[in-house]
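Sequences and hints are given; from them, build the entire structure.
Here the protein sequences come in this chain order: A and B.
Each step along the first sequence adds one to the number in numbering that gives the first Met the number 0, with nothing skipped, and position 177 is 176.
Each step along the second sequence adds one to the number in numbering that gives the first Met the number 0, with nothing skipped, and position 183 is 182.
No lab work stands behind these hints, which were simulated from the structure alone.
Just to be clear, a hint being listed does not mean it is correct.
[What the hints assert, rightly or not] Computed footprint of chain A on chain B; a stretch qualifies when at least three of its residues, placed anywhere within it, have a C-beta under 8 Å from a C-beta of chain A: (1) 3 to 13; (2) 127 to 137.
[What the hints assert, rightly or not] Result set (BS3-like, lysine-lysine): computed pairs, CA atoms no more than 25 Å apart in a straight line: (3) B:Lys-131 with B:Lys-170; (4) A:Lys-30 with B:Lys-131; (5) B:Lys-84 with B:Lys-170; (6) A:Lys-364 with A:Lys-128; (7) A:Lys-30 with B:Lys-170; (8) A:Lys-258 with A:Lys-128.
[Unchecked claim] Each pair of labels, with its calculated beta carbon distance range: (9) A:Arg-298 with B:Arg-32: 30 to 36 Å; (10) B:Ala-132 with A:Asp-4: 20 to 26 Å; (11) B:Asp-128 with A:Glu-83: 47 to 53 Å; (12) B:Asp-128 with A:Pro-78: 52 to 58 Å; (13) A:Ser-290 with B:Asp-128: 35 to 41 Å; (14) B:Gly-182 with A:Ser-290: 48 to 54 Å; (15) A:Arg-298 with B:Ala-35: 37 to 43 Å; (16) B:Ala-17 with A:Ala-108: 34 to 40 Å; (17) A:Gly-178 with B:Thr-12: 27 to 33 Å; (18) A:Glu-83 with B:Lys-131: 43 to 49 Å; (19) B:Ala-132 with A:Lys-281: 54 to 60 Å.
By construction, the Cβ of each residue, glycine as well, lies at the ideal position given by its N, Cα and C atoms.
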Amino acid sequence: MNPADRLRIASILDAALSMDEPEREGYLQVKVAEFPVLRAVLDGIGPAGTFLRNFSAPDDDEAPAEAEEAERAGEAAAPFAGNERFQVIRVLGSGGFGDVYEVWDRTLAINIALKVVRNVRPEVIASFKRGFRALERLSHRNVCQVYELIFDDGSGAWLLSMELIRGEPLGHYLAARAGEIRSVFRQVSEGLHALHQRDVLHCDVKPSNVLVTAEGRAVILDFGWTLRREDMLSSPGSALAITLGYAAPELGHGSPHTKASDWFATGEMLRRVLEHDPDAVKAHRLSDLASLAVWLTERDPRQRPSEEEALAVLAPGLRLEPAKPRENFVGRRECLTRLGDAFAVSAGEQRCVTVHVTGESGIGKTVLVREAIRRIRLRNTGCVCSRRSSIRENRRLSKPWTRWPVRRSSI
Amino acid sequence: MTTADRVTTLLNTWRDPAAREELFALIHPELRRIAAVRLRRERSGHTLQPTALVSEAFLKLVHAEAITWSNRAHFFAVASDAMRKILVDHARKRVAAKRPQMSGQSVNSDDFGSTDSFEQLIQINELLDRLKARNERVSEVFQLHYFGGMTFDEIGEIVGISSRVAKRDWKLARGWLYAALSGTKASDESGG
Numbered sequence: 000m001n002p003a004d005r006l007r008i009a010s011i012l013d014a015a016l017s018m019d020e021p022e023r024e025g026y027l028q029v030k031v032a033e034f035p036v037l038r039a040v041l042d043g044i045g046p047a048g049t050f051l052r053n054f055s056a057p058d059d060d061e062a063p064a065e066a067e068e069a070e071r072a073g074e075a076a077a078p079f080a081g082n083e084r085f086q087v088i089r090v091l092g093s094g095g096f097g098d099v100y101e102v103w104d105r106t107l108a109i110n111i112a113l114k115v116v117r118n119v120r121p122e123v124i125a126s127f128k129r130g131f132r133a134l135e136r137l138s139h140r141n142v143c144q145v146y147e148l149i150f151d152d153g154s155g156a157w158l159l160s161m162e163l164i165r166g167e168p169l170g171h172y173l174a175a176r177a178g179e180i181r182s183v184f185r186q187v188s189e190g191l192h193a194l195h196q197r198d199v200l201h202c203d204v205k206p207s208n209v210l211v212t213a214e215g216r217a218v219i220l221d222f223g224w225t226l227r228r229e230d231m232l233s234s235p236g237s238a239l240a241i242t243l244g245y246a247a248p249e250l251g252h253g254s255p256h257t258k259a260s261d262w263f264a265t266g267e268m269l270r271r272v273l274e275h276d277p278d279a280v281k282a283h284r285l286s287d288l289a290s291l292a293v294w295l296t297e298r299d300p301r302q303r304p305s306e307e308e309a310l311a312v313l314a315p316g317l318r319l320e321p322a323k324p325r326e327n328f329v330g331r332r333e334c335l336t337r338l339g340d341a342f343a344v345s346a347g348e349q350r351c352v353t354v355h356v357t358g359e360s361g362i363g364k365t366v367l368v369r370e371a372i373r374r375i376r377l378r379n380t381g382c383v384c385s386r387r388s389s390i391r392e393n394r395r396l397s398k399p400w401t402r403w404p405v406r407r408s409s410i
Numbered sequence: 000m001t002t003a004d005r006v007t008t009l010l011n012t013w014r015d016p017a018a019r020e021e022l023f024a025l026i027h028p029e030l031r032r033i034a035a036v037r038l039r040r041e042r043s044g045h046t047l048q049p050t051a052l053v054s055e056a057f058l059k060l061v062h063a064e065a066i067t068w069s070n071r072a073h074f075f076a077v078a079s080d081a082m083r084k085i086l087v088d089h090a091r092k093r094v095a096a097k098r099p100q101m102s103g104q105s106v107n108s109d110d111f112g113s114t115d116s117f118e119q120l121i122q123i124n125e126l127l128d129r130l131k132a133r134n135e136r137v138s139e140v141f142q143l144h145y146f147g148g149m150t151f152d153e154i155g156e157i158v159g160i161s162s163r164v165a166k167r168d169w170k171l172a173r174g175w176l177y178a179a180l181s182g183t184k185a186s187d188e189s190g191g
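Right under this line is the structure:
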């Protein structure tokens, strides 16, 4: 490395060391784009990678497979440069599946946050979309509002547009404002409860995913890993990374995320905030929160408080709404009849029948097919299998129905 | 109570600073003993794997089958601190002794550090203090991975960050140290 490059790299890295995430990541991304030698040094390519070898631990990648995949994708792809609708202003940070930018939305004429997700596995995208649909209808002051999920042909990326929150991460905010610990955690618990009410699990609750605005509004954000509870139950452990400092112990043994694991992470955040400022417990009478933090972080999930019990301490007086009732399916009788008839033909004649259900995104195709399958199951004693063929996510059925040695239908 | 029982008990009371101190006191001598045996076998400048040493100490000092993943990470955190001390002490002695195999080595600028490992280790140790002053977390992540052989998952658990952030910190620390060491080397070469 020539002396000029070395000096420049030293100066950039010195500056980076004084920054916090995610500012540092944004800064380094810009510098790497300007100065490719820096990329080689950071990635340990060439002499930069060999200089530590004698005493170095293996430089293995211990990131979870999905994160690794996302990271590879991120490295391979050029930064999102904007499109006709979105003009990139700056990088806000990097999440599990992609980068988040502040952009100017020419259509809405406002600044928004845009998460750019690309080159991740199709089923992850499918789950991501279902999570988005659950969140899309949620409007809560303590949950970052999601606006749209768009596929961008130009960059081949999924774009999730969200409310732009200008605030500090929870830990930074509370470090200087111990008097607001109760208020902030009340808001966090209300936001989390609102998510859970819609059967959505956050899966990555941690201080950097909670921003607090200058007005003291706490907002839960980053739904990169958020999943519908049903997806989690159907494929535990799939498509997930966890933040180890905040992950409930049972997740390390392969158990799926649950409401209890989201609450564990909240308890761990609370515990760390209170440990950071032990005097605050006495000064601001937070002993009930300190006890709750211990309770929420019990190793055994059965020993932890229920959501209602946690909310009784964190958000006393909050009106707990009953969980959203199962959606009642109404109408579309003709469509259901045609799907039922198709099954009858398939079952009766022992042949494959394909029914194409088409329509605009969000019109209710999945709900229709689910309802048809539910009704067929109720009326038939045979085995009815269902599987998603995520063509839109570039994935076909991996196990053809014809292999199943049972009465079958293809819908 | 055997040493293994005591270490296991201390790992379960990890949050207590006194427990960590006692743990260090228990781990350090065993780790030093294992390292001494290995270092006698190795020629100077030869490969040395702190990870292997720490793992060996772990198996000797802990009822491995009874320990949780989290406690394993805690053990390695303490051990990385002990490992750094042991390696740096050893490197200082070797450099001070100026054994023939040290002075006779050539330095290839394309293979920086492969033949002057002990000097480099001492320099890294000193630079780590400077790095710590600039960013304590990045310095800690480097120490845990470099001297303790901890995985990024384990580092994340200890430091309270995600494994991806731990890896980014590691890359930043490595890059910063490389630039700093290159500067030292360049000035050494131009000076002599």
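Against the structure, test the hints numbered earlier, and report the numbers of the ones violated in rising order. 1, 12, 16 and 19
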